[in-house]
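Peer 1: Residue strings, one per chain:
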Amino acid sequence: MVSTGLPTALTQHQRRPIKGISPKTWIIALSVVAVAVVAAFMLIDLRGNIGYILPRRAIKVGSMILVAYAVGVSTVLFQTVTSNRILTPSIMGFDALYMLIQTGLTFAIGGQALLTMGAPARFVTEVALMVGFSFLLYRWLFTGGGKSLHLMLLVGIVFGTMFRGISSLLQRLIDPSEFIILQDLFFASFNNVDGLLLLVSALAVAAVSTLAWRMRHQLDVLSLGRETAINLGVDHKRSVISVLIICSVLVAVSTALVGPITFFGLLIASLAYQLCSHFRHAYVLPIAVLLGIIALVGGQLVLEQVFAFDTALSIVIEFVGGIVFIALLLKGKVK
Amino acid sequence: MTRSTPAVSGRVALARPRGSGGQLAVAGAAVIALAIASMFVGVSDVSLPALLAGDRTAWDIFWISRVPRTISVILAGMAMSVAGLIMQLMARNKFVEPSTVGTVESASLGILVVTVAVPGASLLAKMSTATVFAAAGTALFLLVLRRIPLRNTLLVPLVGIMLGGVIAAITTFFAYRYDLLQTLNSWMIGDFSGVLRGRYELLWIVAVLTLVGYLCADRFTMAGMGQEFSTNLGLNYNRVMTLGLIIVSLISAVVVVNIGSIPFLGLIVPNLVSIIFGDNVRRAVPWVAVFGAGFVLVCDIIGRTIRFPYEIPVGVIVSAIGSAMFLYLLLRKRERRG
Chain A
1 MVSTGLPTAL
11 TQHQRRPIKG
21 ISPKTWIIAL
31 SVVAVAVVAA
41 FMLIDLRGNI
51 GYILPRRAIK
61 VGSMILVAYA
71 VGVSTVLFQT
81 VTSNRILTPS
91 IMGFDALYML
101 IQTGLTFAIG
111 GQALLTMGAP
121 ARFVTEVALM
131 VGFSFLLYRW
141 LFTGGGKSLH
151 LMLLVGIVFG
161 TMFRGISSLL
171 QRLIDPSEFI
181 ILQDLFFASF
191 NNVDGLLLLV
201 SALAVAAVST
211 LAWRMRHQLD
221 VLSLGRETAI
231 NLGVDHKRSV
241 ISVLIICSVL
251 VAVSTALVGP
261 ITFFGLLIAS
271 LAYQLCSHFR
281 HAYVLPIAVL
291 LGIIALVGGQ
301 LVLEQVFAFD
311 TALSIVIEFV
321 GGIVFIALLL
331 KGKVK
Chain B
1 MTRSTPAVSG
11 RVALARPRGS
21 GGQLAVAGAA
31 VIALAIASMF
41 VGVSDVSLPA
51 LLAGDRTAWD
61 IFWISRVPRT
71 ISVILAGMAM
81 SVAGLIMQLM
91 ARNKFVEPST
101 VGTVESASLG
111 ILVVTVAVPG
121 ASLLAKMSTA
131 TVFAAAGTAL
141 FLLVLRRIPL
151 RNTLLVPLVG
161 IMLGGVIAAI
171 TTFFAYRYDL
181 LQTLNSWMIG
191 DFSGVLRGRY
201 ELLWIVAVLT
211 LVGYLCADRF
221 TMAGMGQEFS
231 TNLGLNYNRV
241 MTLGLIIVSL
251 ISAVVVVNIG
261 SIPFLGLIVP
271 NLVSIIFGDN
281 VRRAVPWVAV
291 FGAGFVLVCD
301 IIGRTIRFPY
311 EIPVGVIVSA
321 IGSAMFLYLL
331 LRKRERRG
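Chain order of the listed sequences is A and B. Residues 1 to 335 in our numbering are what the first sequence lists, from first letter to last. Residues 1 to 338 in our numbering are what the second sequence lists, from first letter to last.
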């Protein structure tokens, strides 16, 4: 599918747009919903020491928004450069790679040393390693001779499994007390996000976002497929590499904040493409991000208020995302 | 399993240039050697001189712990690999196996359900529930597979992994609510350290199932060609598919209940065998069994020695080594093509 020069994205949308509602209207409507959901999350059931509760909720909402943003943008961009609607960074093993790097660092220099580095330094080191590795690995995978999407997908899944396997092997070799530190590092849920880490992440996201925004027109051309894009004068290899770097940073951010969420990106990117009748990134990206915010903050709100659960959101997303995706597969909407 | 009547081997020799009975015997001997080595690895001291001298404790440890463990390693390795092969024939896809189509996930959901509903359930009750769930999960996968408009090779493993993810999410959700996450983890990671005499014998069931799988291997190939094609060849399609389903589910359930999941085994071993010996399924089954047993034996020995005196579960070793091996196979193919 990758090798066809046909504008897959384009035909997909000419065939199945939701008619009558323009992307701009969608963006406005979704923004209103997103703001309402965030406000509800901040204000519902606000009792007791407000000066203590509000900042805590703000950090929680902030981390959810950041994760929604990182996952939404990285998935859409990744799907654009790989010209398909199935691959996402997490299916290709990006977040497993990030966890492996964290584990490897702990194994090499020790959990205590890692902690004394402080959140910003640690984060920068990890992201640098992540970008380096994913750059080597995925550039080779996506720009090399192998054009079969099938093979790429399989290699991605196997890479993910291998990274997870090596991580858990290293985790078993690590001293148990160090392992507890490590576990805290990557199974942080929305409930205990570190304020400083959130700030560092936000800065990193802002930096790559500027890059992505400047590339938006180039990305529109890229979604027409490799050959067409090259014919239209895009430096394909260079843009693919830039997008991979952007994705690495975004995946590192979301994984560092809340751990791996496999199907979330797939879910919001598919939905965004269903809603948006244009394939332009200036429309698709905001819609995907807004959908992500509504899903995460709204989902957490429903779970906390209606079901009185705390950290099971990623499980629910995994469940719904998986089912939606199978349904899409069966309807033949995603090929 | 080696068929060694001179007439048969003489006739078939022309048709099988590679993977002859002789080679199989050598491979079998290598596995036996590994098995013997595996019996002398461990924390408590069981050495050959001690055994020969008739040391009572050494013999006790040998019979109660070491021998059962080695046997269960061989049985689980053989059975999971053959189950992977059968799965691949039924789904007509080289990239599926019980832990990538939701069979193993369904089996653990079954164990969870029985643990929550009937806390004191016997091993047999757990196993039967797990089998029913595993069969239901696998059947669901095969049903979904039929409904995919384009039977794209890429979609098949993908749908399986998605389905497995959905089932695992349900399991995690309820395990989380009932505070059983830790127990769940111990099921999911294959581990032979709990194997003792009196606690592994149910694994012999999988030996019988593997044999049945061997005898029916050709039928699974035919059934994989589709309902119409196999009916034309005079095969009762539904019966064969049901048989395959039962074999795969029962093997997965028994292994998950007793050992835990051993990921990737059913994927790598059959693929390795098909690369080396080609695609004649009937001939491949014994090789898959031997390779599977040998591979898990090696991984188990590594797990027991790499952090001596502590032990690393075999599931962890297999997923680390197995995925790397599989990746190598995939990319080696790609180099050749490109």
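The set of hints was computed from the structure by calculation and includes no laboratory data. Please note: incorrect hints may appear among the correct ones.
As the list claims (entries may be wrong) - Pairwise CB distance ranges (calculated): (1) A:N231 to B:V212: 55 to 63 Å; (2) B:F174 to A:R56: 24 to 32 Å; (3) B:Q227 to A:R56: 40 to 48 Å; (4) A:L196 to B:A50: 53 to 61 Å; (5) B:A33 to A:V302: 57 to 65 Å; (6) B:I306 to A:P120: 34 to 42 Å; (7) A:W213 to B:N232: 42 to 50 Å; (8) A:W213 to B:Q227: 25 to 33 Å.
Claimed, not checked - Some, not all, of what chain B presents toward chain A, calculated at C-beta under 8 Å: (9) Q23; (10) A35; (11) L145; (12) G165; (13) I170; (14) Y176; (15) Y178; (16) L180; (17) F264; (18) R307; (19) P309; (20) V316; (21) L327.
As the list claims (entries may be wrong) - In silico lysine to any residue, SDA-like type, Cα no more than 25 Å apart, as pairs: (22) A:K60 to A:K237; (23) A:K237 to B:K94; (24) B:K94 to A:R85.
For glycine and all other residues, C-beta sits at the position ideal for the given N, C-alpha and C.
Peer 1: Now tell me if each hint is right for this structure.
Peer 2: Hint check:
Separation of N231 of chain A from V212 of chain B is about 58 Å and conforms to the stated range, judged on CB atoms against 55 to 63 Å. Range check, F174 of chain B to R56 of chain A: Cβ separation about 29 Å, and the 24 to 32 Å hint holds. For the pair Q227 of chain B and R56 of chain A, the beta carbons lie near 59 Å from each other, so the given range of 40 to 48 Å is not met. Look at L196 of chain A against A50 of chain B: about 59 Å separates their beta carbons, and that is inside 53 to 61 Å.
Under the hint 57 to 65 Å, the C-beta atoms of A33 of chain B and V302 of chain A, about 59 Å apart, fit the expected range. The beta-carbon spacing between I306 of chain B and P120 of chain A, approximately 35 Å, falls within the hinted interval of 34 to 42 Å. Checked against the hint of 42 to 50 Å, the pair W213 of chain A and N232 of chain B fails, with Cβ atoms roughly 60 Å apart. Checked against the hint of 25 to 33 Å, the C-beta distance between W213 of chain A and Q227 of chain B comes to roughly 53 Å, which is inconsistent with it.
Below 8 Å, beta-carbon pairs count as interface contacts, and Q23 of chain B has none with chain A, the closest being about 29 Å; its hint is therefore violated. Residue-level restraint check for A35 of chain B is violated (minimum Cβ-Cβ distance to chain A is 24 Å; threshold 8 Å). Taking 8 Å as the C-beta contact cut-off toward chain A, the hint placing L145 of chain B at the interface is violated, the least distance being around 10 Å. Hint status for G165 of chain B relative to chain A: holds, with the closest Cβ pair at about 5 Å, below 8 Å.
Restraint check, I170 of chain B versus chain A: the minimum CB separation of about 6 Å is within 8 Å; hint holds. At a threshold of 8 Å, the smallest CB-CB gap from Y176 of chain B to chain A is about 6 Å, leaving the interface hint in force. Annotation: interface hint on Y178 of chain B violated; nearest CB of chain A at approximately 12 Å, more than 8 Å. The interface hint given for L180 of chain B is broken, as the beta carbon of that residue sits about 14 Å from the closest beta carbon of chain A, more than 8 Å.
Of the supplied interface hints, the one on F264 of chain B holds, with its beta-carbon coming within about 7 Å of a beta-carbon of chain A, less than 8 Å. Among the interface hints, the one on R307 of chain B holds; its C-beta lies about 6 Å from the nearest C-beta in chain A, closer than the 8 Å criterion. Given the 8 Å rule on beta carbons, the hint for P309 of chain B is violated: about 14 Å separates it from the nearest Cβ of chain A. The beta carbon of V316 of chain B is positioned within 8 Å of a beta carbon in chain A (closest approach about 5 Å), and the interface hint is therefore held.
Hint status for L327 of chain B: holds, given a least beta-carbon distance of 5 Å to chain A, under 8 Å. Distance restraint check for K60 of chain A and K237 of chain A: the Cα-Cα separation of roughly 38 Å exceeds the 25 Å cut-off, and the hinted pair is therefore not satisfied. At most 25 Å may separate the alpha-carbon atoms for a hinted pair to count; K237 of chain A and K94 of chain B exceed this at roughly 32 Å. Between K94 of chain B and R85 of chain A, the direct Cα distance comes to roughly 23 Å. Compliance with the 25 Å bound is thereby established for this hinted pair.
Violation of the numbered hints given earlier is confined to hints 3, 7, 8, 9, 10, 11, 15, 16, 19, 22 and 23; the remaining hints are satisfied by the structure.
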